[in-house]
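Given these sequences and hints, build the entire structure.
Chain order of the listed sequences is A and B. Position in the first sequence counted from 1, then plus 298, gives you the numbering used here. Position in the second sequence counted from 1, then plus 1, gives you the numbering used here.
Derived by calculation from the structure, the hints in this document are not laboratory data. No residue lacks a Cβ here, since even glycine has one placed at the ideal position from N, Cα and C. Check each hint, because a few of them may be wrong.
Claimed, not checked - Reference excerpt, derived from the structure (chain B facing chain A, CB under 10 Å, subset only):
no. : residue
1   : Lys163
2   : Ser402
3   : Gly414
4   : Leu448
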Amino acid sequence: MDDKARQTIADLALAGLTLAGAVILFIGAVSLPPPRFEPLGSAALPRILGGLLVVFALIVAVGAIMRHRSSDPIVQEDKTGPKADPKRGALVFVALIAYVFALDVLSVPFLVATPLFVIAMGMAIIGISWRGLISFAVLGLVLAIFISTVLERLLYIRIG
Amino acid sequence: MADAFLALFALDNMMLLFIGTALGIVVGAIPGLTASMLIALTLPLTFHMDPVSAVTLLIGEYVGGISGGLIMAILLRMPGTPSSIVTTFDGYPMAQKGLAERALALGIMASVVGGIVSWGFLAGMSPSLARFALQFGPWEYFTLVLMALVMLAVLSQGSMIKGLLGATLGMAFALPGIDSSIGQARLTFGSDALLSGFGLLPVLIGAFAISQILRDSATPQDISNMKLPSRHLPIYRRDLSYIPRLLRGSVIGTWIGLLPGIGGNIAALVSYSTEKQISREPEKFGTGYEPGVIAAESANNASIGGALIPLITMGIPGSVTEAILIGALTIHNLQPGPLLFHNAPEIAYGIIAAYLVANVLMLMLMWGLVRYIAQIVRLPRSGLMAVILVFCVTGSYAVNSSFVDVWVMIGFGVIGLGLEYCKVPLGPFVIGFVLSPIAEEQLRASLMMSDGNLAEILTRPYALLFLALAVITVAWPSIAKRLSDRKTTAKDTA
Numbered sequence: 299m300d301d302k303a304r305q306t307i308a309d310l311a312l313a314g315l316t317l318a319g320a321v322i323l324f325i326g327a328v329s330l331p332p333p334r335f336e337p338l339g340s341a342a343l344p345r346i347l348g349g350l351l352v353v354f355a356l357i358v359a360v361g362a363i364m365r366h367r368s369s370d371p372i373v374q375e376d377k378t379g380p381k382a383d384p385k386r387g388a389l390v391f392v393a394l395i396a397y398v399f400a401l402d403v404l405s406v407p408f409l410v411a412t413p414l415f416v417i418a419m420g421m422a423i424i425g426i427s428w429r430g431l432i433s434f435a436v437l438g439l440v441l442a443i444f445i446s447t448v449l450e451r452l453l454y455i456r457i458g
Numbered sequence: 002m003a004d005a006f007l008a009l010f011a012l013d014n015m016m017l018l019f020i021g022t023a024l025g026i027v028v029g030a031i032p033g034l035t036a037s038m039l040i041a042l043t044l045p046l047t048f049h050m051d052p053v054s055a056v057t058l059l060i061g062e063y064v065g066g067i068s069g070g071l072i073m074a075i076l077l078r079m080p081g082t083p084s085s086i087v088t089t090f091d092g093y094p095m096a097q098k099g100l101a102e103r104a105l106a107l108g109i110m111a112s113v114v115g116g117i118v119s120w121g122f123l124a125g126m127s128p129s130l131a132r133f134a135l136q137f138g139p140w141e142y143f144t145l146v147l148m149a150l151v152m153l154a155v156l157s158q159g160s161m162i163k164g165l166l167g168a169t170l171g172m173a174f175a176l177p178g179i180d181s182s183i184g185q186a187r188l189t190f191g192s193d194a195l196l197s198g199f200g201l202l203p204v205l206i207g208a209f210a211i212s213q214i215l216r217d218s219a220t221p222q223d224i225s226n227m228k229l230p231s232r233h234l235p236i237y238r239r240d241l242s243y244i245p246r247l248l249r250g251s252v253i254g255t256w257i258g259l260l261p262g263i264g265g266n267i268a269a270l271v272s273y274s275t276e277k278q279i280s281r282e283p284e285k286f287g288t289g290y291e292p293g294v295i296a297a298e299s300a301n302n303a304s305i306g307g308a309l310i311p312l313i314t315m316g317i318p319g320s321v322t323e324a325i326l327i328g329a330l331t332i333h334n335l336q337p338g339p340l341l342f343h344n345a346p347e348i349a350y351g352i353i354a355a356y357l358v359a360n361v362l363m364l365m366l367m368w369g370l371v372r373y374i375a376q377i378v379r380l381p382r383s384g385l386m387a388v389i390l391v392f393c394v395t396g397s398y399a400v401n402s403s404f405v406d407v408w409v410m411i412g413f414g415v416i417g418l419g420l421e422y423c424k425v426p427l428g429p430f431v432i433g434f435v436l437s438p439i440a441e442e443q444l445r446a447s448l449m450m451s452d453g454n455l456a457e458i459l460t461r462p463y464a465l466l467f468l469a470l471a472v473i474t475v476a477w478p479s480i481a482k483r484l485s486d487r488k489t490t491a492k493d494t495a
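Structure representation (structure tokens):
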């Protein structure tokens, strides 16, 4: 897929999601009471913003379609830097979700979950190696002890 | 003001300012990490501080964060912050010629001068501007907020429509929760978790820190061409001839910083272009020319002082970082605006005092430690990102001791990433989120006062002026294009 097609799809997706957001605002505004003590009322801003979102979404969508049909090339981004690897970003995201899920839903202790998360994140970014595993485990443990001490002893907050 | 300096010189506040400035320099020096991200991450820690200490720490981080950007801009042509992009134009060629130490010395000196000059404007103009803003009523405030939002959306990088879309989306995300005017739930769809709305901190941390870490973790960093400074930083008597250039850059930076939406990067660019236009040797710019570094660095640092003026006098953020600072004040039940000088003078003058001292601390830290700070970029980024993510999770959790905030933070991280992928700027989105409640409150108050009569705005000259400026800001790109097309046609005909 070339850059032009990718940008068109991104813009159309943005327009679609924005329209969905506008619909949610309109639905939410329907259940709000009419103004009683003041002229504007609680539902006015959701309706105004919903209307604006519809207008902007349509402009973005029409612009994307027109750009896709035209023969003009799109402005190329600077691609001289190192190439991005979306898989690594996705792995980091999965590790983050698993970490919060472990703390929140599974009630895994903070001192256990944090070193495991740091190891998982490190391995996701630099790859699997024994040296990396040990250094990330140490980093995670030190970090977990430091943060839990600050939270529990100084701020009286218990986590995990 | 003297009391503010006395409070600042207390040991704990000076320690916080020192830590904030040092942290800011380190974070600013690391490409990809920004002052906004650092301030958003530190915000949960300030909950338990007194407001003066909290503001002192955050101002130190802000000044350090912007200044630290010059290190990697000069050594690696990789600006640590967007404000330092223009510094790469001449700073990096100087480093390539073996003059890295000289470029760093000039950059640091220019940053400090820019900071001090803009402090003069901040200290001199703020109290009188605040007194003037006391005349403003709800109409003026509503149109001022509208103007700031529109300017920010239109002037941010990329498409104007996407900037406006980002601001509107940000405003929409601020709607759920209890409507404070009538005390009724709005857009919560029966969810108890949404009754208090989306928290400012999870939104800020998610939109900036999480989205940035997810993006950066996918991109490896190449530091193979970095040349570390090896000698002391040289400064000479002949550098006194740079004073007019330093002052010019500082004044340009301060006045550009005053305008909402125009950040340090534009200030640096305008200062650089001005310097090039009036120079007798314009061809030397971009080849490692000392005045280029001076123009960029004096202006980008001065823009901070300029941006703080509307923040403390009117409660209007000029950029994302100021929006976060407004959040910090709100957390401590302080409303930035003209009444801040009356209700909490220790905070208003505390910000002004902290800004000056942070610049002096920045000079000392950068001058003495730049060689060591530059080494930080060699630390493994994977470990750094893991540490930041753990801080993001614990920081969001600590706000209400609730994991709902952590999930909200992750959600806004994904939204931030999605918006950036679709080239919707994050600045208007976040500032829309921050300013939406103020805009709605002021509009509702205005209409209540005028019995629902919108025409009342025609009797308010300042409100009309702000509204006109907002309309001109939106219309200007197409007007400018038409004028330029007409000029080209006239030239072709001739």
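Right, here's what the structure says about each hint:
1. Lys163: holds (7 Å)
2. Ser402: holds (6 Å)
3. Gly414: holds (8 Å)
4. Leu448: holds (5 Å)
Violated hints for the displayed structure: none, as all numbered hints are satisfied.
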